[in-house]
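Novice: What follows is each chain in one-letter form.
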Amino acid sequence: MAQPLLEVSNLKTVFHTDGGVVNAVNDVSFSVERGKTVGIVGESGCGKSITGLSLLQLVPNPGRIEAGEILFYRDDVNEPLDITQVSPRSELMRQIRGNEIAIIFQEPMTSLNPVYTVGDQIAEAIMLHQEGERSSLARFGLQTTPKWARERAIEMLARVGIPAPEQRVDEYPHQLSGGMRQRVMIAIALCCAPALLIADEPTTALDVTIQAQVLALMQELQAEIGMAIMLITHDLGVIADMADKVVVMYAGRVVEKGSVEDIFYNPLHPYTRGLLNSIPTLGGSQQKMLPSILGTVPHPLALPPGCSFQPRCAEQMPTCEQMPELNTIDASKNRTDRNERHAVRCWLCEEKIDVETA
Amino acid sequence: MSKLLEVKDLRKYFPTRKGILRRTIGHVKAVDGISFDVERGETLGLVGESGCGKTTASRCLLRLISPTSGSFTFGDEQVDLAKLTPQQMRPFRRRIQMVFQDPQSSLNPRKTVGDIVGEPLRVNRIMKRNERQVQIVELLESVGLKPQDMRRYPHAFSGGQRQRIGIARALALNPELIVADEPVSALDVSVQAQILNLLAELREKFQLSYIFIAHDLSVVKHISDRVAVMYLGKIVEISDARTLYQSPKHPYTEALISAVPLPDPKVQRKRELIHLEGDVPDPSQPPTGCYFHPRCRYATDICRQETPELHEIAPGVKVACHLSETLELQGVS
Ligand SMILES: Nc1ncnc2c1ncn2[C@@H]1O[C@H](COP(=O)(O)OP(=O)(O)OP(=O)(O)O)[C@@H](O)[C@H]1O
Ligand SMILES: Nc1ncnc2c1ncn2[C@@H]1O[C@H](COP(=O)(O)OP(=O)(O)OP(=O)(O)O)[C@@H](O)[C@H]1O
Ligand code: SF4
Ligand code: SF4
Ligand SMILES: [Mg+2]
Ligand SMILES: [Mg+2]
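Those protein sequences? They're chains A and B, same order as listed.
Each residue of the first sequence is one higher than the one before, starting from 1 at the first, in this note's numbering.
Each residue of the second sequence is one higher than the one before, starting from 1 at the first, in this note's numbering.
Hints may be right or wrong, so weigh each one.
Said to hold, decoys possible - Calculated lysine to any residue pairs in the SDA-like style (CA-CA distance at most 20 Å, straight line): (1) K147(A) <-> E171(A); (2) K8(B) <-> L310(B); (3) K266(B) <-> D244(A); (4) K288(A) <-> S333(B); (5) K205(B) <-> M289(A); (6) K146(B) <-> L294(A); (7) K12(A) <-> P305(A); (8) K270(B) <-> D244(A); (9) K266(B) <-> S259(A); (10) K288(A) <-> L198(B); (11) K12(A) <-> L56(A); (12) K288(A) <-> Q207(B); (13) K111(B) <-> F157(B); (14) K3(B) <-> G70(B); (15) K266(B) <-> A216(A); (16) K266(B) <-> I279(A); (17) K270(B) <-> A223(A); (18) K266(B) <-> E340(A); (19) K8(B) <-> T85(B); (20) K83(B) <-> F14(B); (21) K146(B) <-> G295(A); (22) K266(B) <-> E350(A); (23) K12(A) <-> M127(A); (24) K270(B) <-> A216(A); (25) K3(B) <-> L198(B); (26) K205(B) <-> E141(B); (27) K288(A) <-> G144(B); (28) K288(A) <-> E204(B); (29) K288(A) <-> A241(B).
The hints are simulated quantities; they were obtained by calculation from the structure and are not laboratory data.
Model the full structure from these sequences, guided by the hints.
Specialist: Dropping the structure here:
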């Protein structure tokens, strides 16, 4: 049984805006297991990024976490730490961000500093990480010198597959291609061998062939250092390739979650089914018309009453005026690990199951 | 079917300049001698990675920029658009329209949707005012918008709806050819399907032809009758969509197909991934011989020396590869 690394329960992150309260992340629960990959999918604005940022206490103003728990099972510590209770600017939070949970974004240019060479930026991450260990290194007569850090930086660049790393180490971010910049970001994120890597659309801005390289690299490094990955994307192909478990979000809520097989071979929520049907595929015969989901995502300040998917749902019925719970599907209840069970938020699935009282 | 457009050896070189005198020190061969036809009623898909010249090629066809050389004969009249002056080009502009990736930036935020869609009719003085109103309502309805949307401004619409507005505007002058540059790339998956269906429906209804540009191979396969694959300014393979995906004949096409993750975990995890090493080369300093050779796993000596020409290897299948007759490449079925 995979050990949980992170257990998110009933997380609620809101933005108090002039127009009203946006519930960007609403009653979201899921877990991340050590060494495993959780995929978070959903359309633009459904709350994927804010969920990821909440885990690191990096929610931008005027947003804040209003409810829920984020239990983090740290190495060598028996009691889990509730990240929601840690102050965003505390030393502890900084330590977690630098060493235990790393994050990479869609556009690496925004997170790389344009005036420093990539080598300096990787070296800085290495030095920062070594700070804590310096005393122990010193005991063995070792020192973390800038020269040493530079050599490690070159090693890291080579490790993430950048050709001619001895040259690249002295280049500035703008001199690299998009794919190489994303590799540098990964190198920086991995300097500390994090327990969890949050990757927010890491390949969305890249060409498919480069995307394939970056995804393969992430898998390789995951196997090597055993880190868990929380992979945020709207690309169901990427999810099919990478994820062990999948969380489908719609308008701030989890509408379905389960193993990657549950989601792709037994999708139960009308939104999940609609999504899977509406993507054109490479294989198979060409269809004339794609089965598409009607309408568009509701505005976050004007959500319909009850099930948020209701205005677009072909199977909508009077009960849908009330918000359905996220319920575990009976058939998956005998799975030993309750974090691995298949759960759906839809009235259609309600009668087949009994409400889980967790 | 009859030929609507025939492009021959189209080139567009951008000068690269340096120093205060902005002296030309070389050229980016953004489009480097491409040839293809578009039949009436057909959709030709154009795929390839970022920077391979897709947008530049389409901008040349619309004469938004002047091509460096080449010809493109259009319509039953067989006029070479590449040779026309802007004045002479004017009547043809109506017959070829463009739909852009980012509907946000191509729609004037200070104009109502009615004005935006009616603009081409007004500028070309095609109809009287009241006739125009009727026509605008019809156009809006044919793209799935409501008559009352006429009076609203673009910002009040979602991305998918703005793309519908852009399409209505492109249809206003009853064009024969629509060049759509990444028209669904910025849209969410569920909305993307709606727009693809709309484009297919309009093609039937108005007997349109499309040149459909995208980097998403699945989307291109879905909408296209034939597909052309570009690499560094050249077409490396062109054939009917089914053949191209099932049995690609160019190693680059094979690698592209292999890199697209299929939304089926069991199938995807069993696939053999073809690793393309490195990045697309700098187009101002393309490699010798076959431009793809530094990344090609089949490359031989001849590939490093001689540039392969696009040639027909089976009816309707053209490939630019020295080894296309002997290689057994993998596609998806
Ligand atoms: N700074 C902010 N102020 C107000 N609302 C915000 C802010 N940032 C995000 N939101 C809202 O929070 C919701 C979730 O946003 P989030 O960025 O998490 O979406 P996402 O799923 O990552 O979308 P995308 O796929 O476009 O990246 C959205 O409705 C958005 O409008
Ligand atoms: N006005 C210009 N001046 C100089 N170079 C240009 C100009 N426009 C395009 N290029 C170059 O021409 C090449 C082709 O660019 P183009 O925009 O046509 O590619 P594309 O296939 O549309 O890429 P994308 O998928 O990123 O849109 C690129 O190397 C680009 O940098
Ligand atoms: S709860 Fe009702 S409206 Fe919502 S997805 Fe299920 S059937 Fe559709
Ligand atoms: S010509 Fe040679 S290098 Fe080019 S694609 Fe064919 S086999 Fe590869
Ligand atoms: Mg996001
Ligand atoms: Mg382009």
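Novice: Evaluate each hint against the coordinates.
Specialist: The hints, checked one at a time:
no. : hint                : in the structure
1   : K147(A) <-> E171(A) : 17 Å, holds
2   : K8(B) <-> L310(B)   : 12 Å, holds
3   : K266(B) <-> D244(A) : 12 Å, holds
4   : K288(A) <-> S333(B) : 18 Å, holds
5   : K205(B) <-> M289(A) : 14 Å, holds
6   : K146(B) <-> L294(A) : 15 Å, holds
7   : K12(A) <-> P305(A)  : 18 Å, holds
8   : K270(B) <-> D244(A) : 15 Å, holds
9   : K266(B) <-> S259(A) : 13 Å, holds
10  : K288(A) <-> L198(B) : 11 Å, holds
11  : K12(A) <-> L56(A)   : 14 Å, holds
12  : K288(A) <-> Q207(B) : 16 Å, holds
13  : K111(B) <-> F157(B) : 13 Å, holds
14  : K3(B) <-> G70(B)    : 18 Å, holds
15  : K266(B) <-> A216(A) : 17 Å, holds
16  : K266(B) <-> I279(A) : 17 Å, holds
17  : K270(B) <-> A223(A) : 18 Å, holds
18  : K266(B) <-> E340(A) : 18 Å, holds
19  : K8(B) <-> T85(B)    : 19 Å, holds
20  : K83(B) <-> F14(B)   : 19 Å, holds
21  : K146(B) <-> G295(A) : 13 Å, holds
22  : K266(B) <-> E350(A) : 29 Å, violated
23  : K12(A) <-> M127(A)  : 35 Å, violated
24  : K270(B) <-> A216(A) : 14 Å, holds
25  : K3(B) <-> L198(B)   : 24 Å, violated
26  : K205(B) <-> E141(B) : 13 Å, holds
27  : K288(A) <-> G144(B) : 18 Å, holds
28  : K288(A) <-> E204(B) : 11 Å, holds
29  : K288(A) <-> A241(B) : 14 Å, holds
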